[in-house]
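Now for the letters of each chain:
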Amino acid sequence: MISQQSMRWMVLISLMLALFLTIVPLPPVWDDWRPQWVTLLLIFWCLTLPERIGVFWGFGAGLMLDMFTSGLLGQQALTLSLVAYVTITLHARVRLFPRWQQSFFVWMLLLAERLLTLWILGATGQPMPTLAYWLPTLVGLALWPWLSISLTWLGQRTGAL
Amino acid sequence: MAVMLALGLMVADHRFHHLDVVRSTLEVVIYPMQYVASLPAQWLRSAQGHLDNEVELRRANDDLQHENLVLKGRLQQFESLRAENMRLRDLLGSSFDVGERVLIAEILAIDLDPYRQQVIINKGTNSGVFVGQPVLDAQAVMGQVIRTNALSSTVLLITDANHALPVEDNRNGLRTIAAGKGPSQELELLYIPKNADIRAGDLMVTSGMDERFPPGYPVARVKTVRQDPDNPFTTVIAEPTARLDRSREVLLVWSLNLNPVPPTTPPALAVDAPAPAGNH
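Going line by line, the protein sequences match chains A and B. So this note's numbering is basically just the index in the first sequence, starting at one, shifted up by 1456. So this note's numbering is basically just the index in the second sequence, starting at one, shifted up by 2.
It should be emphasised that the hints constitute simulated quantities derived from the structure, not laboratory data. As the structure is a prediction and not an experimental result, all values here were calculated from the model. Incorrect hints may appear among the rest.
Example chain A residues on the side facing chain B (calculated, C-beta under 8 Å, incomplete) [unchecked claim]: (1) Trp1465; (2) Gln1582; (3) Pro1585.
Beta carbons: idealized from backbone N, C-alpha and C, even for Gly.
If we strip away everything but chain A, and leave its shape as in the complex, we get (with noise of 0.2 Å):
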């Protein structure tokens, strides 16, 4: 089964990109606005691939951004699984929505996995951020139709789909 192959390397590649992204450093006043790259990436998979790509890949996906960031380990892990969880169940319904709705559908999880860790950093007793913490979710608004139409069109190049 070659395409099932390239499929999983497309995943894994694309995930990796994603963490890379992560952490590149960017002039501090982009800082505030770096979307949450691994997050829409599993979105995106998790609504393309629904039968391959779930729960445990988020869980994986997350321990490995809370060692590239050297955050407290489980917390993105924990986010990423549920963020993950829910795609999978609602994703009969989200893929026959149009682009612009599933954004918002998008937004809204990537708000929720926003408040999750907000809800650890409190629980941990770590500082509170400001209220630029909820900027990234904005950016990923915008950026998830494009993110969207450039995997979905890489992947049939590629046959991974």
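Assemble the complex: chain A is given as a structure, and chain B must be docked to it using the hints.
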């Protein structure tokens, strides 16, 4: 199930530090990837270096030579002052061996969790780095090592909300604690009485009471001193003297001996000597 697993991991990591071994092994695997992620910034910097023109380089060189001369001049005095200090401490019967070994490490240019003040450096247990080791830059104390693996270590900066270190006022020896305030890049000095003698501009240096940071290194300069009605103590905000967000290289310090050396003078002499009055 993944949720339970993640929750378990978080509790284990946060509360009990069971995962330190797992973590440091994983970090070794991750380190090459983090290194790769820091490459673009490095290339950008070296490209900038190539674009600097000759005039600027010449000026920078002149500045450095000038600075070097000044520092060398001060160093001449330093040797004799140190010897004198050791002699005086000997007389007081409280000799400290202040010898230290340092190693230069480089900060990886990657962005970590934006709500924690920490950085990753490119030296690990292979170079002898240990947990709790003080980290300095050219100006002052930056923080301490909180996690190490074979190739890299994580440094908690003094401005992190979970970090505090004992300091004293360089002017009059007033002792206090400098606690980090998180992303604002400031320190708060705790438990200073309302009538204490502290002013804006005072330099705070490490007091060495924690037996972790060697005494006498600059930490912060007092920025504002305020009397808040709702605070039983004076509210003092200080600014770190270390260039926490601009340094690229850091110094790792090994204190060769932080424990007081037993007095070499006979006890009778120590009794005769004037008692240290707390200010020097």
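Supplied contact hint for proline 1585 of chain A, tested at 8 Å Cβ to chain B: Check passed: Cβ of proline 1585 of chain A comes within 5 Å of chain B, closer than 8 Å.
Glutamine 1582 of chain A as an interface hint toward chain B, with CB separation required under 8 Å: 6 Å, holds
Minimum beta-carbon distance criterion (8 Å), tryptophan 1465 of chain A to chain B: With a closest approach of 17 Å, the tryptophan 1465 of chain A hint is violated.
Hint compliance for this structure: hint 1 is the single one not met.
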